[in-house]
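Each chain, letter by letter, is given below.
Protein chains: 2
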Amino acid sequence: MQTYKPPVDDMLFQLDAFGYGRVAELEAFDAYDRDTIEALIRQAAAFGAEMSATNKAGDTEGVKWEPETGAITTATGFKETYLKMKEAGFIGLCSAEEYGGGGAPSTLGTFVTEIWTAANKSLSMCPGLTAGLVEALTAYGTDEQKQTFLPKLISGEWAGTMCLTEPQCGTDLGLCRTKAVPFGDHFKLTGTKIWITFGEHDLTDNIVHLVLGRLPDAPEGIKGISTFLVPKVTLEGKRNPVKCTGVEHKMGIHGSPTCVIDMEDAEGWLVGEPHRGMRTMFVMMNEARLLVGVEGISLADVAYQQALSFAKDRRQSRSLDPAKQDKDQPADNILVHPDVRRMLLNVKSTVEGMRGVATYISLNIDLAHKSPDEKVREKADDIVALLTPIVKGFNTEKGFQNISDAMQVCGGSGYTTDWNIEQYMRDSRIAMIYEGTNHIQALDLVGRKLPRHGGRLVKNFQAEVMALFAACQGKEELAEFLEPTQKIFGALTEVTMDLGGRALAAAEQAGAGATNYLNLFGYATLAFSWLMQCKYALENDSAMTKTKLKTARYYFAQVLPEAYGLIPKIKAGKDTMMDFDVSEL
Amino acid sequence: MQTYKPPVDDMLFQLDAFGYGRVAELEAFDAYDRDTIEALIRQAAAFGAEMSATNKAGDTEGVKWEPETGAITTATGFKETYLKMKEAGFIGLCSAEEYGGGGAPSTLGTFVTEIWTAANKSLSMCPGLTAGLVEALTAYGTDEQKQTFLPKLISGEWAGTMCLTEPQCGTDLGLCRTKAVPFGDHFKLTGTKIWITFGEHDLTDNIVHLVLGRLPDAPEGIKGISTFLVPKVTLEGKRNPVKCTGVEHKMGIHGSPTCVIDMEDAEGWLVGEPHRGMRTMFVMMNEARLLVGVEGISLADVAYQQALSFAKDRRQSRSLDPAKQDKDQPADNILVHPDVRRMLLNVKSTVEGMRGVATYISLNIDLAHKSPDEKVREKADDIVALLTPIVKGFNTEKGFQNISDAMQVCGGSGYTTDWNIEQYMRDSRIAMIYEGTNHIQALDLVGRKLPRHGGRLVKNFQAEVMALFAACQGKEELAEFLEPTQKIFGALTEVTMDLGGRALAAAEQAGAGATNYLNLFGYATLAFSWLMQCKYALENDSAMTKTKLKTARYYFAQVLPEAYGLIPKIKAGKDTMMDFDVSEL
Numbered sequence: 000m001q002t003y004k005p006p007v008d009d010m011l012f013q014l015d016a017f018g019y020g021r022v023a024e025l026e027a028f029d030a031y032d033r034d035t036i037e038a039l040i041r042q043a044a045a046f047g048a049e050m051s052a053t054n055k056a057g058d059t060e061g062v063k064w065e066p067e068t069g070a071i072t073t074a075t076g077f078k079e080t081y082l083k084m085k086e087a088g089f090i091g092l093c094s095a096e097e098y099g100g101g102g103a104p105s106t107l108g109t110f111v112t113e114i115w116t117a118a119n120k121s122l123s124m125c126p127g128l129t130a131g132l133v134e135a136l137t138a139y140g141t142d143e144q145k146q147t148f149l150p151k152l153i154s155g156e157w158a159g160t161m162c163l164t165e166p167q168c169g170t171d172l173g174l175c176r177t178k179a180v181p182f183g184d185h186f187k188l189t190g191t192k193i194w195i196t197f198g199e200h201d202l203t204d205n206i207v208h209l210v211l212g213r214l215p216d217a218p219e220g221i222k223g224i225s226t227f228l229v230p231k232v233t234l235e236g237k238r239n240p241v242k243c244t245g246v247e248h249k250m251g252i253h254g255s256p257t258c259v260i261d262m263e264d265a266e267g268w269l270v271g272e273p274h275r276g277m278r279t280m281f282v283m284m285n286e287a288r289l290l291v292g293v294e295g296i297s298l299a300d301v302a303y304q305q306a307l308s309f310a311k312d313r314r315q316s317r318s319l320d321p322a323k324q325d326k327d328q329p330a331d332n333i334l335v336h337p338d339v340r341r342m343l344l345n346v347k348s349t350v351e352g353m354r355g356v357a358t359y360i361s362l363n364i365d366l367a368h369k370s371p372d373e374k375v376r377e378k379a380d381d382i383v384a385l386l387t388p389i390v391k392g393f394n395t396e397k398g399f400q401n402i403s404d405a406m407q408v409c410g411g412s413g414y415t416t417d418w419n420i421e422q423y424m425r426d427s428r429i430a431m432i433y434e435g436t437n438h439i440q441a442l443d444l445v446g447r448k449l450p451r452h453g454g455r456l457v458k459n460f461q462a463e464v465m466a467l468f469a470a471c472q473g474k475e476e477l478a479e480f481l482e483p484t485q486k487i488f489g490a491l492t493e494v495t496m497d498l499g500g501r502a503l504a505a506a507e508q509a510g511a512g513a514t515n516y517l518n519l520f521g522y523a524t525l526a527f528s529w530l531m532q533c534k535y536a537l538e539n540d541s542a543m544t545k546t547k548l549k550t551a552r553y554y555f556a557q558v559l560p561e562a563y564g565l566i567p568k569i570k571a572g573k574d575t576m577m578d579f580d581v582s583e584l
Numbered sequence: 000m001q002t003y004k005p006p007v008d009d010m011l012f013q014l015d016a017f018g019y020g021r022v023a024e025l026e027a028f029d030a031y032d033r034d035t036i037e038a039l040i041r042q043a044a045a046f047g048a049e050m051s052a053t054n055k056a057g058d059t060e061g062v063k064w065e066p067e068t069g070a071i072t073t074a075t076g077f078k079e080t081y082l083k084m085k086e087a088g089f090i091g092l093c094s095a096e097e098y099g100g101g102g103a104p105s106t107l108g109t110f111v112t113e114i115w116t117a118a119n120k121s122l123s124m125c126p127g128l129t130a131g132l133v134e135a136l137t138a139y140g141t142d143e144q145k146q147t148f149l150p151k152l153i154s155g156e157w158a159g160t161m162c163l164t165e166p167q168c169g170t171d172l173g174l175c176r177t178k179a180v181p182f183g184d185h186f187k188l189t190g191t192k193i194w195i196t197f198g199e200h201d202l203t204d205n206i207v208h209l210v211l212g213r214l215p216d217a218p219e220g221i222k223g224i225s226t227f228l229v230p231k232v233t234l235e236g237k238r239n240p241v242k243c244t245g246v247e248h249k250m251g252i253h254g255s256p257t258c259v260i261d262m263e264d265a266e267g268w269l270v271g272e273p274h275r276g277m278r279t280m281f282v283m284m285n286e287a288r289l290l291v292g293v294e295g296i297s298l299a300d301v302a303y304q305q306a307l308s309f310a311k312d313r314r315q316s317r318s319l320d321p322a323k324q325d326k327d328q329p330a331d332n333i334l335v336h337p338d339v340r341r342m343l344l345n346v347k348s349t350v351e352g353m354r355g356v357a358t359y360i361s362l363n364i365d366l367a368h369k370s371p372d373e374k375v376r377e378k379a380d381d382i383v384a385l386l387t388p389i390v391k392g393f394n395t396e397k398g399f400q401n402i403s404d405a406m407q408v409c410g411g412s413g414y415t416t417d418w419n420i421e422q423y424m425r426d427s428r429i430a431m432i433y434e435g436t437n438h439i440q441a442l443d444l445v446g447r448k449l450p451r452h453g454g455r456l457v458k459n460f461q462a463e464v465m466a467l468f469a470a471c472q473g474k475e476e477l478a479e480f481l482e483p484t485q486k487i488f489g490a491l492t493e494v495t496m497d498l499g500g501r502a503l504a505a506a507e508q509a510g511a512g513a514t515n516y517l518n519l520f521g522y523a524t525l526a527f528s529w530l531m532q533c534k535y536a537l538e539n540d541s542a543m544t545k546t547k548l549k550t551a552r553y554y555f556a557q558v559l560p561e562a563y564g565l566i567p568k569i570k571a572g573k574d575t576m577m578d579f580d581v582s583e584l
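Chains A and B, in that order, give the protein sequences.
Using numbering that gives the first Met the number 0, the first residue of the first sequence is number 0, and each one after it goes up by one.
Using numbering that gives the first Met the number 0, the first residue of the second sequence is number 0, and each one after it goes up by one.
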């Protein structure tokens, strides 16, 4: 089996194609010029290879939960690998320097996440959650909270979690019932949280939970939610009554403990203003949503690598083109078969397209956070807000399909545990569900992001798309990529107007069309990504140029047409769904 | 969790909609009038409920293999359930009466298979393979072979297998190396077979393998393959040197042993003519391909049932339509959300459409086998041959997507083993691979079935489609279903001509377009199925009529448009795939 080879060359290409220069020139990223970023990507890549050695143990051993104490032991090698990650300074790489972080750009962080997820998704979730908590605390914590918690979280000495869901409330967080009662300078929290990733484990001495709860005077629903910091071990070193009372048995991500967490009068501290907890949660969540989108890239890429290595070794049947038949052998290598290439290229062309989009969003995160120019910050922030649900929804769905294509290349072997592809398929499926199901992303896109600030987010993204079109216009060698990109954006605009108009008349129309609309937007965004990559590749001739153009051609010919199958579905609207009585389903 | 409820009402509807009368009137099926069939479906359904009780044990326990002896113990309850199936006479239900079979029509057999697969796919594979072997022996065995083996196989006392694949030959059976050396009146077989489903188990006293091998004078390749019967225990009661030397560890179907079978000078008997073994194998294989297509229906349907029962209990968020909000509750039932219905109806509308197609093929199998009219037999056989690869490829791909939709309805719960949906997803994925990968089905369709007898197969199917169009023409209430069906068949014809023309110029064009073409044909065939169902429902008003029309409307509005996304991909041809050097992948 092919061991995972992080796609360093493509990452560097994306960095340049999408203009890392704009980030490197910011004062905040003085220490991160292009060469430094490259060196760090290579360092992360080397570590990724090491990290992937523990992947299989996570899948086969899972986690060991001790019901009596609630303790969880992670799989063989997880703790050692985590400690190495910590020592290498990777965990706080992008966190604030004043609390010991590396202050690196998100662009780098996204690549590092991609590598670690591909290497060992289960293990990578622990530092991923810690990074989210650090963001939320940095944004809304008091100075004291920051000084107390951030250095230990950023160093990786402690880990973080997000405690949102309860048995009666998943998608609908307004139904949250966990109680927080004032007690001196802090609060006592009581409630049960479920689906808590790394809610308990043996990787760190302490675990800090960010918990959604209600104050006694809280209004009902989402406007009565506050956020609290609840550490497993209190600052005085006492065990807080926060216990893991169960672990889920899941289809995949076996190495990642998914916990039921019970709190009974647990000590906690309010983060941010009372009843404004969703703001804090969303800082953590938005970061997480982009990274879940990146999971779609990671696991598809590593599955692709395995499928390609299988294909290179496998001989079956004869080429349909007599000139390509290898007469010295009883059968031809399966890469002569167009369909084997079709499946591989479905993956390659979407993975590289999605990697470009993730890079583009990450660069905009860096601009939004650190540009001195308010207009630049606003525009970049708009692009991030608009594209985050698209990346989360589209990449996770495509990523799952991609892994299925990679499995198909390997035939029966791909279905066995001798290859890891079946694990990647199981591990990847959750990404369409967690951090807000893909339909929640679609509603966020259609219901919040499109109308926000009078449509400013779309206008700001469209302006960048139009600028790219203008820059490509008249360049003959770009015409084959420009024309279909213009066409799909034209169609997208038309569908956006149509859906918007119908949603005004009946909000259910937005719900009925949202998921397909998100995917349509996803295909268009990938076309934008490929056009940008082709333009850069042609203007900067390198060993990659020819292959990039070929891969783009495949995307436009063999993937993008799927988008046109979505349009009539969106236009057909809600009626055929809503006409059913429940008894008819 | 919802226990499995076999879809008896829909099965009876399909039976009538597709005209079981044409089969019932045949002399061969005297004993199987419409009422008898209904009674037998109900009996199979009652047994299915019992059978599903053992499903989970198969998934969690898997099979126990004893390396020393090669013996395999199946999961708790498998043997008892198998024995009940045998006692009820289900195993030989459709086999020849002269050897103790029930002589029932395939139409009934297909429904029974659907029920059993949904109830416990792993266990159902054992009698499924036996039935295939019985077909092959009935067609090509000598009288002596038939008299010796058929009664025991048909009663279920013995089980059958198909031994095709070897490590170096999966898709490409011409690479088969197993040797068969003449020895008195029989042969000695030596070789290693892999992926042998139920190659060893404890359900029966004897297992009869149908083995592909080569005689000493065999020409190379596919034209040198012969088939042999190799029983685990010889007719003299001696243990034949046929040993299970390994079992695969798979993503799913854990309850079904997938064996490595080693033969060393094992006693075997030639079936059919020397070097003409593929003919025998294809009798077994064609039957199996239809039944694998049915798996796509079974597992999607049982996943749908679970998702619907989850949805009926779950409250999250508010309806987007204020009039539908349940103010007495803190949240609305999730069936108010259009997207939840979208996902459920994706499943329902394709499952019922595919069940119609499977019924239509099964009826044609019965006509092809038993009609006294040669013209009827020929036409029916053409339709079966044409549609079998489509049902295998399209249903298994759609079925897998359907299960993913069903999982998504259940959110995080669907990803846990608390619900069976994740098992159905794992169990179903293999169906796109085995009995010929879906691309092999596509090549069979494009390369063999379309050109066969000068295009007669398509002409015969088209004639039935046109007859349906003619019968629907001018009926106002059918226009909304007729028009899109005519349109997709028009598009299909156009694409068929285009692909055919390009394939003549370069055979690789057929390979490049085949998989998408098969799926396009699949969507069109489902449109035909729905038009037939709508026509019947309108002409025979019943409690189901309204719901059938609504479900068809959903199919035409929200599923069929996907087909149009495939057409530009097929037309784009091979170039973007074949232009890559292997080093560029």
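Quick caveat, the hints were computed from the structure, so don't treat them as lab data.
None of the values given here were measured: they were computed from a predicted structure.
Do not take every clue at face value.
No copy labels: a pair is met if it fits in one copy or bridges any two.
Mimicking BS3-like on lysine-lysine, the simulated pairs with C-alpha atoms at most 27 Å apart in a straight line are [to be verified]: (1) Lys534 with Lys145; (2) Lys474 with Lys78; (3) Lys326 with Lys222; (4) Lys570 with Lys486; (5) Lys545 with Lys78; (6) Lys63 with Lys474; (7) Lys55 with Lys545; (8) Lys486 with Lys85; (9) Lys151 with Lys486; (10) Lys323 with Lys570; (11) Lys55 with Lys4; (12) Lys4 with Lys78; (13) Lys222 with Lys323; (14) Lys326 with Lys242; (15) Lys242 with Lys63; (16) Lys187 with Lys374; (17) Lys458 with Lys545; (18) Lys545 with Lys570; (19) Lys237 with Lys145.
Evaluation of the provided hints:
no. : hint               : result
1   : Lys534 with Lys145 : neither (44 Å within a copy, 69 Å between copies)
2   : Lys474 with Lys78  : neither (54 Å within a copy, 71 Å between copies)
3   : Lys326 with Lys222 : between (72 Å within a copy, 18 Å between copies)
4   : Lys570 with Lys486 : both (18 Å within a copy, 18 Å between copies)
5   : Lys545 with Lys78  : neither (43 Å within a copy, 59 Å between copies)
6   : Lys63 with Lys474  : neither (60 Å within a copy, 65 Å between copies)
7   : Lys55 with Lys545  : neither (36 Å within a copy, 51 Å between copies)
8   : Lys486 with Lys85  : neither (47 Å within a copy, 61 Å between copies)
9   : Lys151 with Lys486 : neither (51 Å within a copy, 65 Å between copies)
10  : Lys323 with Lys570 : between (46 Å within a copy, 23 Å between copies)
11  : Lys55 with Lys4    : within (16 Å within a copy, 38 Å between copies)
12  : Lys4 with Lys78    : within (23 Å within a copy, 46 Å between copies)
13  : Lys222 with Lys323 : between (66 Å within a copy, 22 Å between copies)
14  : Lys326 with Lys242 : neither (66 Å within a copy, 35 Å between copies)
15  : Lys242 with Lys63  : within (15 Å within a copy, 37 Å between copies)
16  : Lys187 with Lys374 : neither (43 Å within a copy, 83 Å between copies)
17  : Lys458 with Lys545 : neither (33 Å within a copy, 45 Å between copies)
18  : Lys545 with Lys570 : between (38 Å within a copy, 24 Å between copies)
19  : Lys237 with Lys145 : within (20 Å within a copy, 78 Å between copies)
The structure shown violates the earlier hints numbered 1, 2, 5, 6, 7, 8, 9, 14, 16, 17.
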